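Participant: We have chain A already, so just place chain B on it with the hints.
Single-letter residue listing:
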Amino acid sequence: MTELTDLGIAAIRDGVRTGAFSAREVADAFIVRVSQAKALNAFLVETPDHAIAAADAADAARAAGQALKPLAGVPIGMKDLFCTKGVPATAASHILEGFTPTYESTVSANLWAAGAGMLGKLNMDQFAMGSSNETSYFGNVISPWRRSGGDNAALAPGGSSGGSSAAIAARLCPGATGTDTGGSIRQPAAFTGISGIKPTYGRCSRWGTIAFASSLDQAGPMARDVRDCAIMLEAMAGFDPKDSTSLDLAVPEWEAGLNPSLAGKRIGIPREYRVDGMPEEIEALWQQGIAWLKDAGAEIVEVSLPHTKYALPAYYIIAPAEASSNLARYDGVRYGQRDLPAGAGLQDMYAATRAAGFGDEVKRRIMIGTYVLSAGFYDAYFTQASKVRTLIARDFERAWESCELLLTPTAPSAAFALGEKQADPLAMYLNDVFTVPASLAGLPAMSVPGGLDKSGLPLGLQIIGRPLDEQGVLNAALAIEQRAGFSARPEAWW
Amino acid sequence: MSIDIATVKKVASLARIAITEEQAERLAPELANIVGWIEQLGEVDTSSVQPMTAVIPNHLRLRDDVVTDGGVRDQVLANAPVAEHGFFAVPKVIE
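Note that the protein sequences, when read in sequence, are chains A and B. Going by our numbering, the final residue of the first sequence carries number 512, and the count climbs one at a time with no gaps. Going by our numbering, the final residue of the second sequence carries number 1093, and the count climbs one at a time with no gaps.
So that you can see chain B by itself, here it is in the shape it has in the complex:
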């Protein structure tokens, strides 16, 4: 499937990236070109192959269910563009 301007706008919206009409027009052929190239994977017969989930065999470890970190609220907020009263602050979402 080729990527048209409407697809670019939809993807940009899903990715939460604002784009202008001109940018969408420029990106459509660029992304179509890249996606056209990666579509060559379709010719590989993978009917009897499992998708890779771990690149090096490794088992997921379990640890004791205890608190190992925390109590660092001010550190967590230290880099926030806007923080108020010990919280991240964002524009009003609910009227």
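Bound-form chain A, shown alone:
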């Protein structure tokens, strides 16, 4: 029999429903895997009791002949950016050490209401700032993937949702929550050979999710395939009056709507995404993706998104600016760590607490944000970036006149080695070149595995859709998934 930990969300849900195995057996199997995978450093907190309680509830419901909830018997991982009641949450920072939320985020509450259980809180880049999971205060997450040919260099699992991507790729959980501000679901999914979707901004409530850049932050699911993402997104999404930007719309039945036929669909290839220095393998995969979509019945059209090159610099004004405001709340007064030098006054306490509590990348972004918002510079930087953001969104609107979806690579390279890009913050930022534009425009976008590079590492393709067209995005991703036949998995060394 297949190992239970090799099953995805749909297979676990269906197996629990039919009684092929019990939810408790599934939970126990994953709990063991999590406890044996410390070398990956994917989990910050393990919560086996939570997973077991949810599993027992699912088994009891089945025994009593009740209809099972959508995620009954499915244990998942929770990115540490989500507050879950009574379980420490740090956003992988030192400054929030000791913080135990007394409330539940809307997204996690929705998942528990759907019957899911929690295996633990997942490591990430500190406050979701990073693309390699190297900014966590609690150490790097190590990707379960290694290059072929005996190269045992530790690789980045992507970021910021690197604990989520590593845990899913290593079969420590069948699915996990992620959050995406500039690519933090899609890039780690691409690096680890899994799927992940960032829905339209406003689909998932931000309430109870530790804030990074509020106009960009959006939660979404990460899992091993497209169907599993659809199932999990249905449970996570929904209107929430506690989030002022939550969309007051019914949640579509994305799983039921899955359809890999793209007949009559026009899919755009943005010519500006052909960047200098992009590895040939990425270009080749992109061409392969085009062929797969044609095979599924789609018509391919070339489109232009002329302001693409300005998306990254605009993002690195807007996101740090919002972060500098959001992270002002960490003051050593209300939660987390306090650093009070002898004889210090209140202002000195703030400064010492924040100096000791934030990592280098977080400080860097807070300072950039403070600088671009400061008197005399606000218009030149923040207002100008907000105007460029309008132009970027307008580019997409023009593209939608000739197509329904866009196909691009997810990232400009396969996973790089830990430490490889750490010395130069700018080199790290450039990793998000293909994911940031959709974030700035609030569009749904998904990464799906397309194949392996010559070192045996996964590469991802990205589908970007119109606002609210998660179904179109999922369907095109499914068409690619069926043709890519991606079945590679990392060999267990941990």
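Hints in this document: simulated from the structure, not taken from any laboratory. From a predicted model like this one, the values you see are computed outputs, not experimental measurements. Honestly, I wouldn't trust all of these hints.
[Claimed, not checked] Heads up, simulated SDA-like pairs for lysine to any residue below, C-alpha to C-alpha not over 20 angstroms straight-line:
(1) B/Lys1007 <-> A/Gln365
(2) B/Lys1007 <-> A/Glu379
(3) B/Lys1007 <-> A/Lys327
(4) A/Lys103 <-> B/Arg1071
(5) A/Lys312 <-> A/Glu422
(6) A/Lys327 <-> B/Asp1043
(7) A/Lys103 <-> B/Leu1075
(8) A/Lys260 <-> B/Asp1063
(9) B/Lys1008 <-> B/Thr1018
(10) A/Lys260 <-> B/Val1064
(11) B/Lys1007 <-> B/Thr1018
(12) A/Lys103 <-> B/Val1070
(13) B/Lys1090 <-> A/Lys103
(14) A/Lys260 <-> B/Thr1018
Facilitator: Here is chain B on its own, set in the frame of chain A:
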């Protein structure tokens, strides 16, 4: 404008982050490099463009002006590094 050490110290002070002289010296070229890169936005003609305020068209909702939450003082204080007599406690600010 390039970012010098004095600017770094001013920004750090505005951001309430204590930094040492050495850190300021290290951060100045690093931040100058990043800011130099984002300054390429200046070449975009935005004279007829409005800044984006909402990424997905959405209207701000109104709700009834009634109390919907509260009465959870102990929960609010539960994570404070120092709380006394039902209040957050900080170093003395007024002599």
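Participant: It remains to establish, for every hint, whether it holds in the given structure.
Facilitator: Do the hints match the structure? See the list:
Between B/Lys1007 and A/Gln365 the alpha-carbon distance is near 15 angstroms, which keeps this suggested pair within the 20 angstroms criterion. Restraint check: the Cα-Cα separation between B/Lys1007 and A/Glu379 comes to about 17 angstroms, which is no more than 20 angstroms; the hinted pair holds. Distance check on the hinted pair: B/Lys1007 and A/Lys327 sit about 31 angstroms apart at the alpha-carbon level, beyond 20 angstroms; violated. For a cut-off of 20 angstroms, the pair hint linking A/Lys103 to B/Arg1071 stands: about 16 angstroms separates their Cα positions.
At most 20 angstroms may separate the alpha-carbon atoms for a hinted pair to count; A/Lys312 and A/Glu422 meet this at roughly 14 angstroms. Taking the CA atoms of A/Lys327 and B/Asp1043, the gap is about 14 angstroms. The hint holds against a cut of 20 angstroms. Only pairs whose Cα atoms come within 20 angstroms are accepted, and A/Lys103 paired with B/Leu1075 is accepted, the gap being roughly 15 angstroms. Our distance criterion of 20 angstroms between C-alpha atoms is met by A/Lys260 and B/Asp1063, whose separation comes to about 14 angstroms.
In summary, the hint linking B/Lys1008 to B/Thr1018 is supported, as the alpha carbons are separated by about 12 angstroms, within the 20 angstroms threshold. The hinted pair formed by A/Lys260 and B/Val1064 meets the criterion: a straight-line CA distance of about 14 angstroms does not exceed 20 angstroms. Taking the CA atoms of B/Lys1007 and B/Thr1018, the gap is near 9 angstroms; set against the 20 angstroms cutoff, the hint holds. Note on A/Lys103 and B/Val1070: the hinted pairing holds, with a Cα-Cα distance of about 14 angstroms set against a maximum of 20 angstroms.
With a C-alpha separation of about 33 angstroms, the suggested pair B/Lys1090 and A/Lys103 falls outside the 20 angstroms cut-off, and the hint is violated. Taking the CA atoms of A/Lys260 and B/Thr1018, the gap is near 41 angstroms; set against the 20 angstroms cutoff, the hint is violated.
This entry does not satisfy hints 3, 13 and 14, going by the numbered hints stated previously.
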